[in-house]
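Residue numbers for the sequence shown follow the numbering used here, beginning at 47 and rising by one.
These are computed hints drawn from the structure, not numbers from a lab.
It should be emphasised that the depicted structure is a prediction, and the values quoted were computed from it without experimental measurement.
Mixed in with the good hints there might be a few duds.
[Said to hold, decoys possible] Calculated cross-link-like contacts (lysine to any residue; reagent style SDA-like; alpha-carbon spacing at most 20 Å):
#1 Lys190 to Arg133
#2 Lys115 to Val195
#3 Lys115 to Glu84
#4 Lys164 to Asn150
#5 Lys115 to Ser203
#6 Lys115 to Thr125
#7 Lys115 to Pro97
#8 Lys115 to Trp94
#9 Lys190 to Leu169
#10 Lys190 to Glu134
#11 Lys142 to Tyr191
#12 Lys115 to Pro100
#13 Lys69 to Glu186
#14 Lys164 to Gln102
#15 Lys115 to Phe126
#16 Lys115 to His51
#17 Lys115 to Thr196
#18 Lys69 to Tyr118
#19 Lys69 to Thr200
#20 Lys115 to Ala130
#21 Lys115 to Pro58
#22 Lys115 to His50
#23 Lys164 to Met185
#24 Lys115 to Thr200
#25 Lys115 to Thr61
#26 Lys190 to Leu177
#27 Lys115 to Pro57
#28 Lys190 to Phe172
#29 Lys142 to Glu101
#30 Lys142 to Thr61
#31 Lys164 to Lys190
#32 Lys115 to Ser59
#33 Lys190 to Thr132
#34 Lys142 to Pro58
#35 Lys142 to Arg55
#36 Lys164 to Tyr180
#37 Lys69 to Ile124
#38 Lys190 to Gln71
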Amino acid sequence: MSRHHYVSRDPPSITLVTSIRVKSQGGVHSALIINGPERVLFNPAGTWRHPLAPEQGDFHVGFSPAMEKWFYEYHARITFDIHAQTREVPMDVAAKAIELARTNGSVWPGWCTIEIAKILRQLPGFEDFPLTLYPSTAMEAFAKYPGVVTRVYTDDSPDDWSDLDLEFND
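All chains, full assembly: derive it from the sequences and hints.
Listed below in structure tokens is the structure:
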């Protein structure tokens, strides 16, 4: 996995990514993008995969801007919007978040948000983050922190991913 590491020039940050069902506006999945000494994705119990962002225990390295774009394209569908909430943090906080995500291990389906909450609560500035199973609750709590910037990704692509090359043959 070491040859796939990606280091960004952007400020250190933590991004909470939440998949929101369009019809009900309820959250269905949470993930973390952590930009620190390297840029990684913690996608607990997630289905997204790409050979250029290898995964071990729900922890993906090599999470470049191209991988982020692919991640959003995979998740944003006609029935799902993606909310990405980014908060800049000191480098040592980002580094600690990466280590906690790396050592967390694989997560059972349905436990994505609580595992993210457990990680966030161990970080300076996030100690009061709620322990919750619900992605929407986590998204609402994250939005209350100072300096959070939210981006929403929408797409009218079909739910069957027929618009994506899932075999990575390019």
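The hints, checked one at a time:
no. : hint             : result
1   : Lys190 to Arg133 : 11 Å, holds
2   : Lys115 to Val195 : 17 Å, holds
3   : Lys115 to Glu84  : 17 Å, holds
4   : Lys164 to Asn150 : 10 Å, holds
5   : Lys115 to Ser203 : 14 Å, holds
6   : Lys115 to Thr125 : 18 Å, holds
7   : Lys115 to Pro97  : 15 Å, holds
8   : Lys115 to Trp94  : 12 Å, holds
9   : Lys190 to Leu169 : 16 Å, holds
10  : Lys190 to Glu134 : 14 Å, holds
11  : Lys142 to Tyr191 : 19 Å, holds
12  : Lys115 to Pro100 : 16 Å, holds
13  : Lys69 to Glu186  : 18 Å, holds
14  : Lys164 to Gln102 : 19 Å, holds
15  : Lys115 to Phe126 : 15 Å, holds
16  : Lys115 to His51  : 17 Å, holds
17  : Lys115 to Thr196 : 16 Å, holds
18  : Lys69 to Tyr118  : 19 Å, holds
19  : Lys69 to Thr200  : 13 Å, holds
20  : Lys115 to Ala130 : 12 Å, holds
21  : Lys115 to Pro58  : 19 Å, holds
22  : Lys115 to His50  : 17 Å, holds
23  : Lys164 to Met185 : 14 Å, holds
24  : Lys115 to Thr200 : 12 Å, holds
25  : Lys115 to Thr61  : 14 Å, holds
26  : Lys190 to Leu177 : 15 Å, holds
27  : Lys115 to Pro57  : 19 Å, holds
28  : Lys190 to Phe172 : 11 Å, holds
29  : Lys142 to Glu101 : 19 Å, holds
30  : Lys142 to Thr61  : 14 Å, holds
31  : Lys164 to Lys190 : 18 Å, holds
32  : Lys115 to Ser59  : 17 Å, holds
33  : Lys190 to Thr132 : 12 Å, holds
34  : Lys142 to Pro58  : 12 Å, holds
35  : Lys142 to Arg55  : 18 Å, holds
36  : Lys164 to Tyr180 : 13 Å, holds
37  : Lys69 to Ile124  : 10 Å, holds
38  : Lys190 to Gln71  : 19 Å, holds
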